[in-house]
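S.K.: Sequence:
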Amino acid sequence: MTITPAGSAQALAAALRHDDPSALGALLDDLPADSPPLVPMAVLAKAHRSLDLLLSRGFSANETRVDRLAGLHLVNDAKMVRTLVAAGGDVNLASPSGTPLHLAAANASPPVIKALLDAGADPNATHERHPTIVTPLEVACELGRTMAVKALLARPPAHATCFFLTAGFVTRKGKKALAVLDLLLAAFGADIEPPAGYDFLLHIASKAGCLDGVERLLAHGATVDRPDREGRTAALLAIHTAFAGLFPRPEHVEVFRRLAAAGANLDQRFGNVTPRQLARQHGITLP
1 MTITPAGSAQ ALAAALRHDD PSALGALLDD LPADSPPLVP MAVLAKAHRS
51 LDLLLSRGFS ANETRVDRLA GLHLVNDAKM VRTLVAAGGD VNLASPSGTP
101 LHLAAANASP PVIKALLDAG ADPNATHERH PTIVTPLEVA CELGRTMAVK
151 ALLARPPAHA TCFFLTAGFV TRKGKKALAV LDLLLAAFGA DIEPPAGYDF
201 LLHIASKAGC LDGVERLLAH GATVDRPDRE GRTAALLAIH TAFAGLFPRP
251 EHVEVFRRLA AAGANLDQRF GNVTPRQLAR QHGITLP
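Residue numbers (the UniProt record's numbering): 1 to 287.
Misleading hints may appear alongside valid ones.
Unchecked claim - Okay, the calculated beta carbon distance ranges per label pair:
# : residue 1 : residue 2 : range
1 : Gln10     : Arg57     : 17 to 27 angstroms
2 : His159    : Leu44     : 31 to 41 angstroms
3 : Leu246    : Leu44     : 55 to 65 angstroms
Hints are computed from structural coordinates only; laboratory data are not their basis. No residue lacks a Cβ here, since even glycine has one placed at the ideal position from N, Cα and C.
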């Protein structure tokens, strides 16, 4: 009996759905030239026995679909990661959607992320479509996937990436963003050294008037009176920015008060002025 391409595709899908190596093996003997990529299909079906059969019959662990996604891009099972890697699967295979670690950061469970990292997945890999945006850790952070963030922090990317990523979250609001910030600060520290020419995290949050970020930084041990490269403290930046425009910025006043309550030295001079003097000039009283 001749199996039509449509019938073959349906039979293959059924064999994989039921993880039936016997049925699959019989179909492989008469596989049409235009058959769909079976390894990615087996991965999506979580068909472990069928995947083993395909790999033993010489199918490539790096076989891709038309969207250039291979099994390792689609996997959500740590055992399958190890199976594919053992058969030559490339844990850093690029695609328009990123590497397998990018996809895992967005979709997969922490055990899958760990398995990819253990197999040599690159935490510094950048997204093919957005090379200025994302490492896998950045993907997980942007999506607020805290469990994935925790897994990826086991092998963080380069120092500069860690700094800029954390700096981007010290000015954000919302429960998810603050939960991510807590994880980043626990991993990198509130006093993470900035690249040359950039401000400390506490200065960034204070200048932005972001009380939530300041609170998190203080909770993680940020040095309150650390001067920036020009000699300004976070308290000075907060009170200066509060009255630097046409209208007062009350959120910056709140940040200033919080820094003062945390023990900031309000008499630390910058040029001919101190934070306390600036506050008094604008009628800000302190306990």
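S.K.: Does the Cβ-Cβ separation between His159 and Leu44 fall within 31 to 41 angstroms?
M.R.: holds (37 angstroms)
S.K.: Could you tell me whether the CB distance from Leu246 to Leu44 stays inside 55 to 65 angstroms?
M.R.: Between Leu246 and Leu44, where Cβ atoms are some 58 angstroms apart, the hint holds.
S.K.: Taking 17 to 27 angstroms as the hint, is the beta-carbon distance of Gln10 and Arg57 inside that range?
M.R.: For Gln10 and Arg57 the Cβ distance comes to about 20 angstroms; the hint holds.
In the structure shown, no violation is registered for any of the earlier numbered hints.
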